[in-house]
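Trainee: Those sequence lines, one after another, are chains A and B.
Counting in this note's numbering, the first sequence runs from 38 upward without gaps.
Counting in this note's numbering, the second sequence runs from 21 upward without gaps.
Don't take each hint at face value.
Said to hold, decoys possible - Below, a list of computed lysine-lysine pairs in the BS3-like style, where the Cα atoms sit at most 30 Å apart:
no. : chain 1 : residue 1 : chain 2 : residue 2
1   : A       : Lys67     : A       : Lys101
2   : A       : Lys101    : A       : Lys76
3   : A       : Lys76     : B       : Lys26
4   : B       : Lys56     : A       : Lys101
5   : B       : Lys56     : B       : Lys26
6   : A       : Lys67     : A       : Lys77
7   : B       : Lys56     : A       : Lys76
8   : B       : Lys56     : A       : Lys77
Since the hints were derived computationally from the structure, they do not count as laboratory data.
So you can see what is in the structure, the chains are spelled out below.
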Amino acid sequence: MGEVKMTEERSGREAGRAKQWRRKNLGRLKPDPVIEAYKKHIDRTLIRENLRLTVEQRIEELMKLQQFAEEVRRAGREAERP
Amino acid sequence: MTDYRKLITLLAEAGIEFILIGGVAAVAHGSTRLTKDLDIVYQRTEENVGRLVRALAPYHPYLRGAPPGLPFEWSERTIWNGLNFTLTTSLGALDLFGEITGGGGYDDLLPHSIRLRLFGVECWCLGLERLIEVKRAMGRPRDLEAIAELELIREERERRS
Numbered sequence: 038m039g040e041v042k043m044t045e046e047r048s049g050r051e052a053g054r055a056k057q058w059r060r061k062n063l064g065r066l067k068p069d070p071v072i073e074a075y076k077k078h079i080d081r082t083l084i085r086e087n088l089r090l091t092v093e094q095r096i097e098e099l100m101k102l103q104q105f106a107e108e109v110r111r112a113g114r115e116a117e118r119p
Numbered sequence: 021m022t023d024y025r026k027l028i029t030l031l032a033e034a035g036i037e038f039i040l041i042g043g044v045a046a047v048a049h050g051s052t053r054l055t056k057d058l059d060i061v062y063q064r065t066e067e068n069v070g071r072l073v074r075a076l077a078p079y080h081p082y083l084r085g086a087p088p089g090l091p092f093e094w095s096e097r098t099i100w101n102g103l104n105f106t107l108t109t110s111l112g113a114l115d116l117f118g119e120i121t122g123g124g125g126y127d128d129l130l131p132h133s134i135r136l137r138l139f140g141v142e143c144w145c146l147g148l149e150r151l152i153e154v155k156r157a158m159g160r161p162r163d164l165e166a167i168a169e170l171e172l173i174r175e176e177r178e179r180r181s
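Isolated chain B (complex conformation):
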């Protein structure tokens, strides 16, 4: 089980620049759907990658679904050599994205994000409109119902305002 509270507070308290995306961002906007991992877009700067590596190291990040014993090394070099990482940690499943389809990287998404205060920390969360756009850009059949729900949330909010 993923401990969203601990993961979000860990990342925020370590001063990591990140944006919540995916299922948890959808839940933050009002989605009722179950998600099993925390998806974030991280800023690819030297300082931020360093902070990310140091903060997660005690929680043993490893490639999710990969057989045990692979020579996977959780380090800044690994992050710079890759872009997106699907990880398992002792706090749960965590997906790190350097870039996302239809959305770009951290700096591209930040203007479309909202500041959330939760669990005593502050963090960025991708705005509803952009979240719908990136999910539609990904074109995954499994997202269709999630997109429909997000659009209904938008309609509901508009109806209220």
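For reference, chain A alone in the conformation it holds in the complex:
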């Protein structure tokens, strides 16, 4: 009896997991080994930090970064001048 209950519980858990898996993976593209290789070199801590921001803050940060990159480029051009 206990075994039957356990089996039912297990099959219930498995069905739940299968449902979760289907919801997560159905229609999703298969992992690409090249992309998987690229993932190893990405800093997840920066992603986590960014996910704490609001969408508006993320775009504001992008503009600041763009401004900074522009400034560095300008300085580089200036330094190259004889």
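We have chain A already, so just place chain B on it with the hints.
Mentor: What follows is chain B alone, placed relative to chain A:
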């Protein structure tokens, strides 16, 4: 430098039907990568094209990277005669897409988009899953790292939920 705030509010306040895609959409989802232009898919209807042309006209749209002095005319006729436009404006670089590889046009992408409220306006942004799919469909080597980051963002979100 592209003024994303002004461009997005301009498009939204003019009532233009558009969806944010590309680098800015990726940033909205949590990407840390630098992008230099605003990419949007616009709806190709008579009213929308009219609104788009009128809203951008004061900002002098011109073909980005093209030599100055070409007989480029920013008009509804130009939009109907073309599909995708890589523009420079006085607010910055703006890419207009009538259709994108692997994604189709505005109506195809809308069901896969999310509504964003930013800078006091509302606009559509391509959802993370579809953004990954279209970037993978484009098959550009320069996108590989961006796709990897987007997939990590998805994993991170799933881990949190």
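Trainee: Next, verify each hint and record whether it holds.
Mentor: Hints versus structure:
| no. | hint | in the structure |
| --- | --- | --- |
| 1 | A:Lys67 - A:Lys101 | violated, 36 Å |
| 2 | A:Lys101 - A:Lys76 | holds, 26 Å |
| 3 | A:Lys76 - B:Lys26 | violated, 33 Å |
| 4 | B:Lys56 - A:Lys101 | holds, 12 Å |
| 5 | B:Lys56 - B:Lys26 | holds, 14 Å |
| 6 | A:Lys67 - A:Lys77 | holds, 18 Å |
| 7 | B:Lys56 - A:Lys76 | holds, 23 Å |
| 8 | B:Lys56 - A:Lys77 | holds, 25 Å |
Checked against the numbered hints given earlier, the structure breaks hints 1 and 3 and satisfies all the rest.
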